[in-house]
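Q: Assemble the whole structure, with the sequences as input and the hints as a guide.
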Amino acid sequence: MHEETGGGGEAAAPGDGTVVGLAGVGKTFAGGTVALEDFSLTVRRGEFVSLLGPSGCGKSTVLRIIAGLIAPSAGRVDWPGARDAAAHAISFVFQEPTLMPWATVFGNVHLPLRIKGVKAASARGPVIEALEKVGLEGFADAYPRELSGGMKMRASIARALVTKPRLLLMDEPFAALDEITRFRLNNDLLVLWRQLGWTVVFVTHSVFESVYLSSRVMVLAARPGRVVEEIAIDEPYPRDEEFRTSARYAQICRETSHALSAALGAGEGA
Amino acid sequence: MSGAGETGRPRSRGPAPDADELSRARARARQQIARFVMPVVMFAAAIVVWDRIVVWNGIPHYIMPRPGLVAETLIEDWPILADALANTLEITLGALVIATVGGVGLAILFTQSKWVELSLFPFAVVLQVTPVVAIAPLILIYVDSTSVALLICAWIVAFFPILANTTLGLNSADHNLQDLFQLYGASRWQLLRYLRLPTAMPYFLGGLRIAGGLALIGAIVAEFTAGTAGSGSGLAFRILEAGYRLNIPRLFAALILMSLAGIAIFLVLTLVSHLALRNWHESALGRER
Numbered sequence: 152m153h154e155e156t157g158g159g160g161e162a163a164a165p166g167d168g169t170v171v172g173l174a175g176v177g178k179t180f181a182g183g184t185v186a187l188e189d190f191s192l193t194v195r196r197g198e199f200v201s202l203l204g205p206s207g208c209g210k211s212t213v214l215r216i217i218a219g220l221i222a223p224s225a226g227r228v229d230w231p232g233a234r235d236a237a238a239h240a241i242s243f244v245f246q247e248p249t250l251m252p253w254a255t256v257f258g259n260v261h262l263p264l265r266i267k268g269v270k271a272a273s274a275r276g277p278v279i280e281a282l283e284k285v286g287l288e289g290f291a292d293a294y295p296r297e298l299s300g301g302m303k304m305r306a307s308i309a310r311a312l313v314t315k316p317r318l319l320l321m322d323e324p325f326a327a328l329d330e331i332t333r334f335r336l337n338n339d340l341l342v343l344w345r346q347l348g349w350t351v352v353f354v355t356h357s358v359f360e361s362v363y364l365s366s367r368v369m370v371l372a373a374r375p376g377r378v379v380e381e382i383a384i385d386e387p388y389p390r391d392e393e394f395r396t397s398a399r400y401a402q403i404c405r406e407t408s409h410a411l412s413a414a415l416g417a418g419e420g421a
Numbered sequence: 013m014s015g016a017g018e019t020g021r022p023r024s025r026g027p028a029p030d031a032d033e034l035s036r037a038r039a040r041a042r043q044q045i046a047r048f049v050m051p052v053v054m055f056a057a058a059i060v061v062w063d064r065i066v067v068w069n070g071i072p073h074y075i076m077p078r079p080g081l082v083a084e085t086l087i088e089d090w091p092i093l094a095d096a097l098a099n100t101l102e103i104t105l106g107a108l109v110i111a112t113v114g115g116v117g118l119a120i121l122f123t124q125s126k127w128v129e130l131s132l133f134p135f136a137v138v139l140q141v142t143p144v145v146a147i148a149p150l151i152l153i154y155v156d157s158t159s160v161a162l163l164i165c166a167w168i169v170a171f172f173p174i175l176a177n178t179t180l181g182l183n184s185a186d187h188n189l190q191d192l193f194q195l196y197g198a199s200r201w202q203l204l205r206y207l208r209l210p211t212a213m214p215y216f217l218g219g220l221r222i223a224g225g226l227a228l229i230g231a232i233v234a235e236f237t238a239g240t241a242g243s244g245s246g247l248a249f250r251i252l253e254a255g256y257r258l259n260i261p262r263l264f265a266a267l268i269l270m271s272l273a274g275i276a277i278f279l280v281l282t283l284v285s286h287l288a289l290r291n292w293h294e295s296a297l298g299r300e301r
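In order, the protein sequence lines correspond to chains P and Z. Residue numbers 152 to 421, in the numbering used here, belong to the letters of the first sequence in order. Residue numbers 13 to 301, in the numbering used here, belong to the letters of the second sequence in order.
Simulated from the structure, these hints should not be mistaken for lab results. Fair warning: this is a prediction, and the values are worked out from it, not measured in the lab. Ideal placement from N, C-alpha and C gives every residue a C-beta, glycine not left out. Mixed in with the good hints, there may be bad ones.
[Claimed, not checked] Counterexamples of contact, computed for chain Z against chain P with all Cβ distances above 10 Å:
| no. | residue |
| --- | --- |
| 1 | 80 |
| 2 | 114 |
| 3 | 129 |
| 4 | 139 |
| 5 | 189 |
| 6 | 192 |
| 7 | 198 |
| 8 | 204 |
| 9 | 207 |
| 10 | 210 |
| 11 | 213 |
| 12 | 245 |
| 13 | 279 |
| 14 | 297 |
[Claimed, not checked] Calculated pairs, DMTMM-like style, for lysine to aspartate or glutamate (alpha carbon to alpha carbon, straight line, at most 25 Å):
| no. | chain 1 | residue 1 | chain 2 | residue 2 |
| --- | --- | --- | --- | --- |
| 15 | P | 284 | P | 360 |
| 16 | P | 267 | P | 247 |
| 17 | P | 270 | P | 283 |
| 18 | P | 315 | P | 198 |
| 19 | P | 284 | P | 198 |
| 20 | P | 315 | P | 330 |
| 21 | P | 270 | Z | 191 |
| 22 | P | 267 | Z | 191 |
| 23 | P | 315 | Z | 129 |
| 24 | P | 284 | P | 330 |
| 25 | P | 270 | Z | 186 |
| 26 | P | 267 | Z | 186 |
| 27 | Z | 126 | Z | 186 |
| 28 | P | 315 | P | 339 |
| 29 | P | 267 | P | 288 |
A: Pasting the structure below:
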């Protein structure tokens, strides 16, 4: 189940269900920090890909490059499907809930549609539907400060899914939550993923979370950020508490941990 | 606010409060009462002390009147003083409105173009650091209408806090939210309308509260500079006039009206700020302990 990519260099071949392909992407920031070097990643339709690595390995930079928020300094980002359609079907979930404190939950979830010119009255249906999906029905009129950390994150996810994205980018969305809440949100996220047919790129520094959620884990090393190992997780979905407590899960976690340790070593050696 | 208390912040519905909780509740209640009673008691005490000092030292009323005499004068001279108060308030509020429109407008312009900010901000700073007393005579010479001159002086002092605070607020928008707006292809106008302006609201209101007091000070300073020559008959003019005539009780009465006007402006703006922010901003939220 291990598959060495050796820092892989193959570009995205069109027509194989690729949503987005990064080929030889590098990013050097103005200060001279090399955040990414020769980074390649092909995300196929319907996948749940995790980027796992230590802090400073450029995980978030990858997401921002895919989202088009920052431009790579080297390499290519390919959208084999219709470029515009794909670009507009991206949603982003940040580490913090990033809600507007002055707006109600409804207002926050309405935001992406509002930017596209959909008035509140006609957005009511989709917004309420999104809130129902994350279990926040009945909280449309609450303000973010009235919600717990987990509920804020649910509102943030509702905002991400209200535009019916094809590609969901998540940047350590549950890192700041307690374990119980995180487990619950992990389960709910998997249900939504299967139900809505998303493609997810998920950034995390938690081995357990990445193994539990993903169909594929990319292990990254830091300074400069690059892929050191790709681990396919061929366990069937739906996954639940049964899987979380299984020996198989523990074994994959151990292997992934070893890969991560090796990545840390590689990072220090570089 | 359906279900607001359901999970986010659960109200305690547990067993009956124990002695500790009751004593804390009593302490809170005492504090609430003290908040209103203490200032009133202290003010009353200060007035009594003032009265006693005047009586015991036999101070003549043209040096320092007794509080009772000041109150009488306030009622007797009310037509004159009310007129003066109205004039001063008119200048103050006019200046505040222009300062708000101009300050917010310029702040928005600053955030839209770095070039505009770089070229205009120094002027704003020059206006701010130059004492208005020093510029007022020039303005009174250059501008024919006294009330327009007074308006300009009051505006100069009230303008800067609004500009500076609003600019800071507009630039304080959450970076992740800015990214989100960019991701969804928001226009500049949408970014301003849905993100920057709401973010700037608490900052702007803080500036407005400072500006309210400053506008009054600006108006009064300008009136003093205009002096008795001015056609305006604001509170400062009445103070000067009363001083020349040694009508000290009226001077005191005018002074008190001035303070009350300042307090009223502050309270009104505080209320406006509270009403605007009560739903979401930390400054307007009570804490449950």
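Q: Determine for every hint whether it applies to the structure shown.
A: Evaluation of the provided hints:
Residue-level check passed: residue 80 (chain Z) sits 50 Å from the nearest beta carbon of chain P, beyond 10 Å. Look at residue 114 (chain Z): its CB is around 24 Å from the nearest CB on chain P, clear of 10 Å, so calling it non-interface holds up. No beta-carbon of chain P is positioned within 10 Å of the beta-carbon of residue 129 (chain Z); the least distance is around 22 Å. The beta carbon of residue 139 (chain Z) is kept farther than 10 Å from every beta carbon of chain P, the shortest such distance being approximately 31 Å.
At roughly 6 Å, the least C-beta separation between residue 189 (chain Z) and chain P is not larger than 10 Å, which violates its mark as non-interface. Look at residue 192 (chain Z): its CB is around 6 Å from the nearest CB on chain P, not clear of 10 Å, so calling it non-interface is violated. Listed as a non-interface residue, residue 198 (chain Z) fails to keep its Cβ farther than 10 Å from every Cβ of chain P; the least gap is roughly 5 Å. With a least CB separation of 12 Å from chain P, residue 204 (chain Z) remains clear of the 10 Å interface cut-off, as annotated.
Chain P draws residue 207 (chain Z) into its interface by the beta-carbon criterion, the shortest separation being 7 Å against a cut-off of 10 Å. The beta carbon of residue 210 (chain Z) is not kept farther than 10 Å from every beta carbon of chain P, the shortest such distance being approximately 5 Å. Once the 10 Å rule is applied to beta carbons, residue 213 (chain Z) is inconsistent with being away from chain P; the minimum gap is 7 Å. Remark: the non-interface label on residue 245 (chain Z) is consistent with the geometry, its nearest Cβ contact in chain P lying 44 Å away (cut-off 10 Å).
Consistency note on residue 279 (chain Z): stated as away from chain P, and its beta-carbon is indeed over 10 Å from all of that chain's, at 24 Å minimum. For residue 297 (chain Z), the condition that its CB be more than 10 Å from all CB atoms of chain P is violated, with the nearest at approximately 7 Å. For the hint pairing residue 284 (chain P) with residue 360 (chain P), the CA-to-CA distance comes to about 21 Å; that is within 25 Å, so the pair holds. Restraint check for residue 267 (chain P) and residue 247 (chain P): satisfied, since their Cα atoms lie roughly 24 Å apart, inside the 25 Å limit.
A distance of roughly 20 Å separates the Cα atoms of residue 270 (chain P) and residue 283 (chain P); the hinted pair therefore holds under the 25 Å criterion. With a C-alpha separation of about 16 Å, the suggested pair residue 315 (chain P) and residue 198 (chain P) falls inside the 25 Å cut-off, and the hint holds. A threshold of 25 Å between alpha carbons decides the hint, and for residue 284 (chain P) with residue 198 (chain P) the separation of about 20 Å falls inside it, so the pair holds. A threshold of 25 Å between alpha carbons decides the hint, and for residue 315 (chain P) with residue 330 (chain P) the separation of about 28 Å lies outside it, so the pair is violated.
Between residue 270 (chain P) and residue 191 (chain Z), the direct Cα distance comes to roughly 22 Å. Compliance with the 25 Å bound is thereby established for this hinted pair. Between residue 267 (chain P) and residue 191 (chain Z), the direct Cα distance comes to roughly 16 Å. Compliance with the 25 Å bound is thereby established for this hinted pair. For the suggested pair residue 315 (chain P) and residue 129 (chain Z), the alpha carbons sit about 40 Å apart, so the restraint of at most 25 Å is broken. As the CA atoms of residue 284 (chain P) and residue 330 (chain P) are separated by approximately 21 Å, the hinted pair is consistent with the 25 Å bound.
For the given pair, residue 270 (chain P) sits about 24 Å from residue 186 (chain Z) by alpha-carbon distance, which is consistent with the 25 Å threshold. A threshold of 25 Å between alpha carbons decides the hint, and for residue 267 (chain P) with residue 186 (chain Z) the separation of about 20 Å falls inside it, so the pair holds. At roughly 19 Å between alpha-carbon atoms, residue 126 (chain Z) and residue 186 (chain Z) fall within 25 Å of each other, so this suggested pair holds. In summary, the hint linking residue 315 (chain P) to residue 339 (chain P) is supported, as the alpha carbons are separated by about 17 Å, within the 25 Å threshold.
For the given pair, residue 267 (chain P) sits about 23 Å from residue 288 (chain P) by alpha-carbon distance, which is consistent with the 25 Å threshold.
Hint violations for this structure: numbers 5, 6, 7, 9, 10, 11, 14, 20 and 23, all remaining hints satisfied.
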